[in-house]
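Peer 1: Please model the complete structure; the sequences and the hints are all you need to start from.
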Amino acid sequence: MKNFKLLFTIFLLCLAACAPFVDSPFSDYTLRTDRNLNQKAISKLSNVEADNLIKIAIFTDSHQNYTGLDRAIYEINKTADVDFVASLGDFTNSGYNYEYDQFLNIYSDLVRPRFTVVGNHDAIGAGGEIFKKIFGLTNFYFETPTYRFIFFNSNNWEMPSDFKVSWLKNTVDQSTKNVIIMSHAPLRDTERFLGNDAATINTIITDSKVKMIINGHNHVYHLLDDNGTLSLQVERVENNSWLLLEIQSGQACMTQMRTKEQVCTPFK
Amino acid sequence: MYAVQIVLFFILSFTTFSVSAQTETSAVLSEAKEVAETRNSPYRLFISRSGFMGKGALGLSYEFTPQHAADLSVGIYDIHKVNYYQLNLAYRYAHWTLNYKEHQWRPLQVGLFGVHSLDYDRFFYNSPERYPTKDYYEQTRFRYGFEVGSHFTFLCSKLAIGYHMRIFDTGVIAVVNNENRDLQYYISSGLSLYYIF
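Protein sequences, first through last, are from chains A and B.
Numbers given in my numbering equal positions in the first sequence, counted from 1, plus 18.
Numbers given in my numbering equal positions in the second sequence, counted from 1, plus 116.
Heads up, none of these hints are tricks.
Straight-line C-alpha distance at most 20 Å; calculated PhoX-like pairs for lysine-lysine:
# : chain 1 : residue 1 : chain 2 : residue 2
1 : A       : Lys151    : B       : Lys197
2 : A       : Lys195    : A       : Lys286
3 : A       : Lys150    : B       : Lys197
4 : A       : Lys151    : B       : Lys171
5 : A       : Lys150    : A       : Lys58
6 : B       : Lys171    : B       : Lys197
7 : B       : Lys274    : B       : Lys217
8 : A       : Lys278    : A       : Lys96
9 : A       : Lys73     : A       : Lys96
Because the hints were derived from the structure by calculation, they are not lab data.
Peer 2: Okay, here's the thing in structure tokens:
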């Protein structure tokens, strides 16, 4: 009897140790305890532009491609002198808490300061609340000696109360430095942004201070000149697809790390 | 939190064992008859925790035969400290049943489960009207998956405990698409306490 009890109890303990206890996929409870990650990353920035060069690693739209994300982060970590890393969102499919946990498990391996904007997929369900709990503000910026980097929440349909075009305009207007805007959806998305929003966004993009706008969302690489402003769309993470952006002396060099193709273009 | 729940489960199992052992030593004929009748009862009321069924859930279990059982429960979860509810359904199959004196152990149960959120504002089958198409997103209101577990019934005390490990359909897809990946966050442990009536 005693042996049976002991055996059964050990058996139960072994079983219970197999997996964590997650309450519900619909809640905002996460097993990971990371908090305020974007704000913490700002405090970790140091000596950006000290060598007159800003080096940024950018990846986006990993969804459930954890192998691809793993590989991209491994390569980013091996790359010398990266000043910071930008993740442009859509690192989940449906904004579930376990998807956030799984992404963070890999994201936390990044050794450089890292910033994340919320993607539309990350913002559905309880995803918006989870993002704010883990990463903090969905609209924020920081500055280096000559640039203001703005991270903008482009999810008007998913997080309408946090979609603030007026905030973006004010942040651009008040900047005394060159501006680079990063968002998940492209600012020229004609499905999402209509009427007054589209008009205000147009004013922002054509502002002389705004040198570059960068987005993910559409999964393919794209570079064009938008009224003098460089508009860069980053390819989704797959087969080591990430992008290295180097800004130096008023010029941007973009290297697609999957193909090693590089394009250099001066700012307006 | 993970370690705390394991310890609590250990305490619960050992306590239930001790209670059932005391009951067994003082069994009389009428109790034996009650046990026999209880053993035949297919109905169980249960509470459970985690396992994707909610931070707590209350429900009814029905055993069609000793091998086949189904659970239906209402679970509770919260977002930003506001409570919401979900419906849970599970079916499980146990090929082996081990009887030890007045106890019964199903060492391995396998099954299917589904969870359905009752928060219709956040979770949907068809994407809301503001989106260009109904299938802009995949449905988010219902998730299903597979479970394995173990179930021990202390028939003398009319109690049973169950442990189940569950993985969602999206977890299976992630496992297939990402070989050699640690996907611990796609799997959840769950504990249940049953009362046979």
